[in-house]
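**Student:** Each chain, written out:
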Amino acid sequence: MPGPSGSAAVAAPAAAAAAATPRRRLRVRLGRPWLALPLLAFFLVFVALPVLVLVAVGISGPDGLTLVHVHRFLTDGLSLPVLGRTLMLGLATAAVALVLGYPLALLFVSASPRLQRLLILLIVLPLLTSAVVRTFAWVVILGRQGLVNETLTGLGLVGGPVALLYTEPMLILTLAQIELPLMTLPIISALSAIDPRLTEASAALGAGRWRTLLLVVVPLSLPGVIAGVLLVFAAACGALVTQSIVGGGRLLFMPMYIYQQGMQGQNWPFAATISLMLLISVLAVVALLNMAGRLATRHLHV
Amino acid sequence: MLADAALPSPSPVRARSASVELTSVSHRFGPATVIDDVSLAIAPGEFIAFLGPSGCGKTTLLRIVAGFITPSSGEVRMSGAAVGGLGPAERGVGIVFQNYALFPHMTVARNVDYGLRARGWPRARRDARVREMLGFVRMSAFADRYPRQLSGGQQQRVALARALAVDPSILLLDEPFGALDKNLRLDMQIELERIHRDAGLTTIMVTHDQEEALALADRIAVFDAGRLEQFGTPQEIYDRPATRFVSSFVGHTNLLPGRLLNSRGEARIATDAGPVLVLPQARPCGRPGRVLVAIRPENLRLATSGEASAFAAVVRAVMPLGPTIAYDLALADGTPLKLLHMRGAAPGATPGAQVHLQIADPTHCPVYID
Numbered sequence: 001m002p003g004p005s006g007s008a009a010v011a012a013p014a015a016a017a018a019a020a021t022p023r024r025r026l027r028v029r030l031g032r033p034w035l036a037l038p039l040l041a042f043f044l045v046f047v048a049l050p051v052l053v054l055v056a057v058g059i060s061g062p063d064g065l066t067l068v069h070v071h072r073f074l075t076d077g078l079s080l081p082v083l084g085r086t087l088m089l090g091l092a093t094a095a096v097a098l099v100l101g102y103p104l105a106l107l108f109v110s111a112s113p114r115l116q117r118l119l120i121l122l123i124v125l126p127l128l129t130s131a132v133v134r135t136f137a138w139v140v141i142l143g144r145q146g147l148v149n150e151t152l153t154g155l156g157l158v159g160g161p162v163a164l165l166y167t168e169p170m171l172i173l174t175l176a177q178i179e180l181p182l183m184t185l186p187i188i189s190a191l192s193a194i195d196p197r198l199t200e201a202s203a204a205l206g207a208g209r210w211r212t213l214l215l216v217v218v219p220l221s222l223p224g225v226i227a228g229v230l231l232v233f234a235a236a237c238g239a240l241v242t243q244s245i246v247g248g249g250r251l252l253f254m255p256m257y258i259y260q261q262g263m264q265g266q267n268w269p270f271a272a273t274i275s276l277m278l279l280i281s282v283l284a285v286v287a288l289l290n291m292a293g294r295l296a297t298r299h300l301h302v
Numbered sequence: 001m002l003a004d005a006a007l008p009s010p011s012p013v014r015a016r017s018a019s020v021e022l023t024s025v026s027h028r029f030g031p032a033t034v035i036d037d038v039s040l041a042i043a044p045g046e047f048i049a050f051l052g053p054s055g056c057g058k059t060t061l062l063r064i065v066a067g068f069i070t071p072s073s074g075e076v077r078m079s080g081a082a083v084g085g086l087g088p089a090e091r092g093v094g095i096v097f098q099n100y101a102l103f104p105h106m107t108v109a110r111n112v113d114y115g116l117r118a119r120g121w122p123r124a125r126r127d128a129r130v131r132e133m134l135g136f137v138r139m140s141a142f143a144d145r146y147p148r149q150l151s152g153g154q155q156q157r158v159a160l161a162r163a164l165a166v167d168p169s170i171l172l173l174d175e176p177f178g179a180l181d182k183n184l185r186l187d188m189q190i191e192l193e194r195i196h197r198d199a200g201l202t203t204i205m206v207t208h209d210q211e212e213a214l215a216l217a218d219r220i221a222v223f224d225a226g227r228l229e230q231f232g233t234p235q236e237i238y239d240r241p242a243t244r245f246v247s248s249f250v251g252h253t254n255l256l257p258g259r260l261l262n263s264r265g266e267a268r269i270a271t272d273a274g275p276v277l278v279l280p281q282a283r284p285c286g287r288p289g290r291v292l293v294a295i296r297p298e299n300l301r302l303a304t305s306g307e308a309s310a311f312a313a314v315v316r317a318v319m320p321l322g323p324t325i326a327y328d329l330a331l332a333d334g335t336p337l338k339l340l341h342m343r344g345a346a347p348g349a350t351p352g353a354q355v356h357l358q359i360a361d362p363t364h365c366p367v368y369i370d
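Those protein sequence lines, which keep their order, are chains A and B. Numbering follows our numbering, with no gaps: position 111 of the first sequence is 111. Numbering follows our numbering, with no gaps: position 123 of the second sequence is 123.
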């Protein structure tokens with residue numbers, strides 16, 4: 001997860017992990033709290049401190065404290081739409097990744113152990129290659145002389161190249177593919193935790209496959225779905241490289257906006273303010289999704 | 001509860017009980033044969049226990065009857081019709097799983113309703129049926145609870161109500177009391193006995209607990225290593241165990257090695273430990289040669305030296321077990337023997353004492369080939 005929005009993305013997995021907690025939560029005894037000290041130190045230095053710096057930079061002006069940057073963010077007519085589009089991008093990506101990832105997770109848990117080994121490799125593979133490499137692979141696929149356009153024109157289905165690169169739908173699809181493991185893995189974990197006797201009981205009571213899927217499997221896998229949605233949402237909101245390269249210059253999202261304001265405009269206080277706004281918004285959406293998820297799965301928690 | 005129990009509640013189970021016939025059923029998982037040529041016939045309304053140690057194939061056989069597993073070979077028939085290829089719902093089986101497998105995200109009422117909805121019953125009829133079933137298992141007050149808010153026994157009743165709601169013609173129970181503590185277990189066994197009596201439903205229960213099987217079942221099928229060792233009434237299983245495995249798995253038994261001396265008339269067996277035992281006849285093995293004589297601890301009694309066919313032993317330990325007293329004895333060559341008698345039924349003996357033993361009922365001492 002690239003640069004400026006890194007702090008937003010760091011906070012999200014923690015919340016997501018909480019949502020992914022299986023039904024029987026382990027109550028860890030606080031026997032050896034000092035074991036967590038290195039993590040606490042890391043968190044303070046690399047998460048809490050940078051956020052504090054962001055706050056300090058964002059509200060400091062030449063004459064002491066000021067809310068002028070926040071005011072500008074809320075009223076300049078550009079920043080809020082960029083934020084809104086970024087959050088929508090995250091949600092749309094999460095939705096597409098869910099549609100792609102859920103059947104994949106179902107396939108995985110119903111596969112034989114041998115097929116599972118192959119599938120897990122395919123599922124995890126995107127995580128093992130750099131986001132930059134994956135992004136450029138999509139450029140090759142989607143470009144004017146890319147795989148899709150060459151095929152379409154070659155078959156005579158279209159007269160000339162179709163605009164695919166630099167469009168929002170293709171950006172969403174690309175991000176969904178790139179972040180797919182973050183969706184699939186938590187769902188696999190949730191599906192694997194479902195007692196197979198529940199689906200057998202459902203079958204024995206006369207329910208068909210689809211009824212069992214909709215009434216038993218999907219509700220019981222919701223904790224994994226929520227975790228996956230949160231992870232993909234947060235990752236997609238902060239995916240600077242993919243957003244910039246597949247989205248192109250005309251589609252502006254928060255990470256690039258921050259980069260422009262900071263690196264190109266040298267307007268560090270405003271860049272800090274935008275970063276904070278992104279952080280707060282992402283956390284707010286994560287909290288909302290988490291809450292909705294908890295309501296939906298409240299009977300699963302002991 | 002007690003007032004409830006006194007009232008005869010009409011059974012809400014209306015389905016016709018099915019008969020079950022297994023013919024030469026075998027099943028292999030890879031190279032391992034888990035069910036080895038099992039044939040048995042169950043009459044409508046019978047309560048059958050599949051009894052055996054873990055890994056003996058009893059649960060696999062239950063899953064074959066349920067329709068979750070297609071056996072490698074052999075045939076399953078229900079009420080005379082072959083059911084190969086049919087799923088559990090089409091076979092009309094109701095199943096109570098070992099951990100009850102209640103849907104954790106549904107209330108008790110919704111759990112019981114589940115099968116009715118799947119069958120597309122109209123709303124009003126479903127509601128009435130759910131109320132009826134919850135009343136039958138005395139869980140009406142818990143209709144809106146979630147499974148995790150219930151005790152093990154309550155969960156089991158709900159699982160029973162859920163399985164019976166759809167009018168199955170066979171009820172399958174997989175280790176139904178395994179997860180319950182001992183006191184609750186007896187209550188639920190009595191409850192299950194009542195339900196079976198009221199409903200008259202063909203019931204197959206898988207268990208590794210011989211007392212459970214002896215207490216509840218009309219007939220018991222004892223399995224070992226995938227083979228059906230014996231299929232009979234509890235009394236037959238206990239008093240005339242067909243194999244050495246059955247005699248040592250069901251109840252306690254002393255196995256004395258020795259030689260069967262004659263093939264006709266009274267059987268005389270020279271035990272390796274010394275005493276010669278005389279039995280009316282040697283069964284199931286009557287061929288002279290190496291044999292094992294099985295003597296139940298309660299079939300031994302302390303005797304006086306003058307009695308015929310008494311043999312000597314030394315008391316090693318005495319254990320009062322409540323209503324009975326157990327003796328740990330040793331024959332002259334050190335062969336251990338267990339003896340059980342009712343408290344006060346015979347003069348006690350103390351550790352170290354020389355005693356004489358006699359077989360109380362020699363007709364109930366099976367002889368097996370060694």
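Since the hints were derived computationally from the structure, they do not count as laboratory data. Predicted model, so just to flag it, every value in this text is computed and none were measured. Worth double-checking, as some hints may not be accurate.
As the list claims (entries may be wrong) - A partial selection of chain A residues facing chain B, derived with a Cβ cut-off under 8 Å:
1) Ala-92
2) Ala-95
3) Ala-193
4) Ala-204
5) Leu-205
6) Arg-209
7) Arg-294
Claimed, not checked - Estimated spans, in silico, between C-beta atoms of each pair:
8) A:Ser-110 / B:Leu-40: 41 to 51 Å
9) B:Leu-40 / A:Leu-288: 29 to 39 Å
10) B:Met-319 / A:Leu-118: 41 to 51 Å
11) B:Ala-179 / A:Leu-115: 29 to 39 Å
12) B:Arg-138 / A:Ser-110: 30 to 40 Å
13) A:Ser-110 / B:Ala-124: 33 to 43 Å
14) B:Thr-324 / A:Pro-33: 47 to 57 Å
15) B:Ala-141 / A:Leu-283: 57 to 67 Å
16) A:Leu-74 / B:Pro-122: 31 to 41 Å
17) B:Thr-324 / A:Leu-115: 55 to 65 Å
18) A:Ala-41 / B:Arg-138: 57 to 67 Å
19) A:Ala-296 / B:Ala-215: 37 to 47 Å
20) A:Leu-74 / B:Ala-141: 36 to 46 Å
Ideal Cβ placement from N, Cα and C applies to all residues, glycine included.
**Student:** Given the range 57 to 67 Å, decide if the beta-carbon distance of B:Ala-141 to A:Leu-283 lies inside it.
**Tutor:** violated (44 Å)
**Student:** Regarding A:Leu-74 and B:Pro-122, is the given constraint of 31 to 41 Å on their beta-carbon distance met?
**Tutor:** violated (56 Å)
**Student:** Under 8 Å, Cβ to Cβ, is where A:Ala-92 needs to be relative to chain B, so tell me if that hint holds or is violated.
**Tutor:** violated (28 Å)
**Student:** Verify the interface restraint on A:Ala-204: the C-beta must sit less than 8 Å from at least one C-beta of chain B.
**Tutor:** Holds. Min distance 4 Å.
**Student:** Range hint 37 to 47 Å: satisfied by the CB atoms of A:Ala-296 and B:Ala-215?
**Tutor:** Holds: the Cβ-Cβ distance is about 44 Å, inside 37 to 47 Å.
**Student:** Kindly confirm whether 29 to 39 Å is satisfied by the beta carbon distance between B:Ala-179 and A:Leu-115.
**Tutor:** This hint holds: roughly 34 Å between Cβ atoms.
**Student:** Taking 41 to 51 Å as the stated bounds, is the beta-carbon spacing between A:Ser-110 and B:Leu-40 within them?
**Tutor:** Violated, since A:Ser-110 and B:Leu-40 (Cβ atoms, about 33 Å apart) do not stay within the stated range.
**Student:** For the hint on A:Arg-209, does the least C-beta distance to chain B fall short of 8 Å?
**Tutor:** Where the cut-off is 8 Å and the nearest Cβ of chain B is about 11 Å from A:Arg-209, the hint is violated.
**Student:** Is the distance from the Cβ of A:Leu-74 to the Cβ of B:Ala-141 consistent with 36 to 46 Å?
**Tutor:** violated (56 Å)
**Student:** Does the Cβ-Cβ separation between B:Met-319 and A:Leu-118 fall within 41 to 51 Å?
**Tutor:** violated (59 Å)
**Student:** Within 47 to 57 Å or not, the Cβ separation of B:Thr-324 and A:Pro-33?
**Tutor:** holds (55 Å)
**Student:** Is it true that A:Ala-41 and B:Arg-138 lie within 57 to 67 Å of each other by Cβ?
**Tutor:** Check passed, 58 Å falls within 57 to 67 Å.
Of the numbered hints stated above, those contradicted by the structure are hints 1, 2, 3, 6, 7, 8, 9, 10, 15, 16, 20, listed in ascending order.
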